[in-house]
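The listed protein sequences correspond, in order, to chains W and P. So for the first sequence, our numbering puts the first residue at 144; every next one is plus one. So for the second sequence, our numbering puts the first residue at 144; every next one is plus one.
Hint data in this document are derived by calculation from the structure and do not stem from the laboratory. You may find that some hints are simply not true.
[To be verified] Some residues of chain W that are not near chain P, with every Cβ distance over 12 Å (derived):
hint, residue
1, Asn-174
2, Tyr-187
3, Asn-228
4, Gly-270
5, Asn-278
6, Asp-390
7, Phe-396
[As the list claims (entries may be wrong)] Simulated crosslink set (SDA-like; lysine to any residue; CA at most 20 Å straight-line):
hint, chain 1, residue 1, chain 2, residue 2
8, P, Lys-285, W, Lys-400
9, P, Lys-323, P, Asp-390
10, P, Lys-296, P, Cys-397
11, W, Lys-285, P, Lys-233
12, P, Lys-412, W, Asn-370
13, W, Lys-400, P, Thr-347
14, P, Lys-180, P, Asn-191
15, W, Lys-400, P, Leu-402
16, P, Lys-412, W, Glu-272
17, P, Lys-285, P, Lys-296
18, W, Lys-412, P, Lys-412
19, P, Lys-233, P, Pro-322
20, W, Lys-382, P, Arg-151
21, W, Lys-382, P, Lys-180
22, P, Lys-412, W, Trp-374
23, W, Lys-387, P, Lys-323
24, P, Lys-400, W, Lys-412
25, W, Lys-400, P, Lys-296
26, P, Lys-427, W, Asp-348
27, W, Lys-219, W, Thr-208
28, W, Lys-387, P, Lys-233
29, W, Lys-180, W, Glu-204
30, P, Lys-219, P, Lys-427
31, W, Lys-387, P, Lys-387
32, P, Lys-382, P, Pro-322
33, W, Lys-382, P, Glu-409
34, W, Lys-427, W, Leu-352
35, W, Lys-382, P, Gly-410
36, W, Lys-400, P, Leu-391
37, W, Lys-323, P, Lys-323
38, P, Lys-387, W, Arg-398
Note that CB positions come from ideal geometry on N, CA and C, so glycine has one too.
2 protein chains.
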Amino acid sequence: MEWINESRVLIVGLGLIGGSYAKALKRIGYNVYAIDKDPNSIDYAIKNEIIDDGSTEADPELISTADVIILALYPKDVCAWILNNQHLFKPGIRITDVTGVKSCIVDDVQNILRADAEFIAAHPMAGRELSGVQNSDDTIFKDANYIVVATDKNTEAAVEWCKRLGRILGFRRVSVLSPKEHDRVIAFVSQLTHCIAVSLMTCTDNEHLVEYTGDSFRDLTRIARINENMWSELFFANKESLLKEMDLFINEFCRIKELIEQDDAEGLKEKMRLSTARRALFDKKKN
Amino acid sequence: MEWINESRVLIVGLGLIGGSYAKALKRIGYNVYAIDKDPNSIDYAIKNEIIDDGSTEADPELISTADVIILALYPKDVCAWILNNQHLFKPGIRITDVTGVKSCIVDDVQNILRADAEFIAAHPMAGRELSGVQNSDDTIFKDANYIVVATDKNTEAAVEWCKRLGRILGFRRVSVLSPKEHDRVIAFVSQLTHCIAVSLMTCTDNEHLVEYTGDSFRDLTRIARINENMWSELFFANKESLLKEMDLFINEFCRIKELIEQDDAEGLKEKMRLSTARRALFDKKKN
């Protein structure tokens with residue numbers, strides 16, 4: 144069994160992901176505390192033994208006794224929270240996060256952070272079409288990927304520690320990327336796909352279509368139930384990469400449209416063969 | 144228990160769907176026969192008791208004794224098969240199909256068909272990313288939709304019969320559309336989504352991306368493993384409708400891109416709220 148030595152974990156932001164972290168860590172035996180401005184979330188989590196204790200305020204006691212802080216906040220709140228509270232941090236503390244964009248956060252945080260603390264970013268690529276600690280579920284990590292996002296400022300020890308955290312949480316695959324690499328990859332595999340799903344649901348008044356759909360439409364639009372505050376923030380925070388990937392996709396989609404317009408059966412089949420081969424490899428790698 | 148009275152069912156084309164029909168009907172107690180040019184498919188199906196008997200030829204005995212014929216062929220082969228074999232049909236026979244496009248088939252078939260036979264088209268909206276009778280599985284019908292595609296030439300009795308067949312096969316929802324309506328709906332919910340999935344896999348060399356994907360990319364590309372012969376035929380057979388739906392989608396996708404470019408957070412959130420509301424309704428209707 145892998146382990147991280149620190150025993151008091153403080154989770155800031157007890158939503159779906161924060162709550163799922165709490166469940167996973169508490170189950171293994173860590174002492175887990177949480178700060179969330181919603182009293183219902185804290186009450187629920189204490190009553191259901193998801194956390195040991197919690198507060199709706201930036202409680203100095205909870206912050207100053209934490210060995211590890213996990214920031215499960217919206218991207219724009221990460222830096223501010225650290226600025227406001229780092230005077231309370233235990234020396235040598237390790238801080239990580241769960242946000243879906245990195246370039247816009249990591250440098251800023253590492254620039255303002257106390258010299259005796261270390262911030263090592265991570266992106267747990269798991270979620271549900273529901274929010275809140277009440278819907279948290281650490282089994283969503285089981286088949287999912289966890290990306291440690293490291294910079295030159297990170298120590299080898301912190302990178303290793305963060306990888307260990309990912310494995311402890313139960314993620315299937317843990318990898319390491321730079322903030323730039325992370326944001327480019329995420330723009331493609333996550334943000335672009337959400338733009339597609341939303342477009343499919345909004346391009347036509349298709350409410351009645353449920354009667355005529357196969358699995359394909361259902362699969363492609365599952366993620367169209369979307370938290371608009373979080374996702375719009377993620378899109379704008381990664382605007383440049385996302386727009387680039389959207390263009391890449393549009394070009395290819397229009398190329399396929401052209402092949403159909405021109406009755407180019409061989410060209411279309413060639414695309415389908417490539418798509419099939421790549422997706423098959425994908426399935427294979429998964430297993 | 145609903146029932147169709149005819150007891151000898153002949154399935155022409157014993158692939159994934161033909162085989163799944165055979166399994167469902169055999170289980171209920173029908174005598175099921177099949178014609179398929181591939182001897183391995185026929186042998187496999189007989190050995191595994193998926194059919195009672197079969198042939199690799201248009202066997203006059205099998206055809207002339209059938210009470211019902213189900214054509215599980217590629218669209219372009221449907222008309223030719225009927226033309227070549229209808230002299231053998233039992234008077235009063237009912238014929239249905241499983242093809243994914245209808246306008247290009249139904250009129251032609253109904254025009255050439257013997258006056259004492261009736262063709263009533265149907266589209267079982269189920270499938271797998273595998274082909275062949277060896278992969279057939281009638282549980283794929285359980286959560287799926289079945290569309291009866293009727294014209295003015297069809298009798299009320301045949302429409303009712305075909306709806307009953309859909310329910311007997313185990314489909315969750317059975318509905319009736321005209322060929323034109325069917326093809327427009329299918330262009331959107333099925334063909335467009337396959338174009339998107341293929342584009343996502345071919346727009347960039349993304350083989351390594353499996354390490355960094357969440358469920359969203361996996362969901363959106365599941366159907367990118369595609370039978371290029373069947374799907375290119377379906378696309379071209381429904382070209383006009385498909386191109387229209389592709390344009391509709393591109394326009395909306397570009398509109399969302401514009402909102403991001405222009406930092407229009409409120410406009411983007413509005414799209415996401417609409418998408419969420421529609422998809423939620425969709426989930427609700429499903430259950």
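Hint numbers contradicted by this structure: 4, 6, 7, 8, 10, 11, 15, 17, 18, 19, 20, 21, 23, 24, 25, 27, 28, 30, 31, 34, 37
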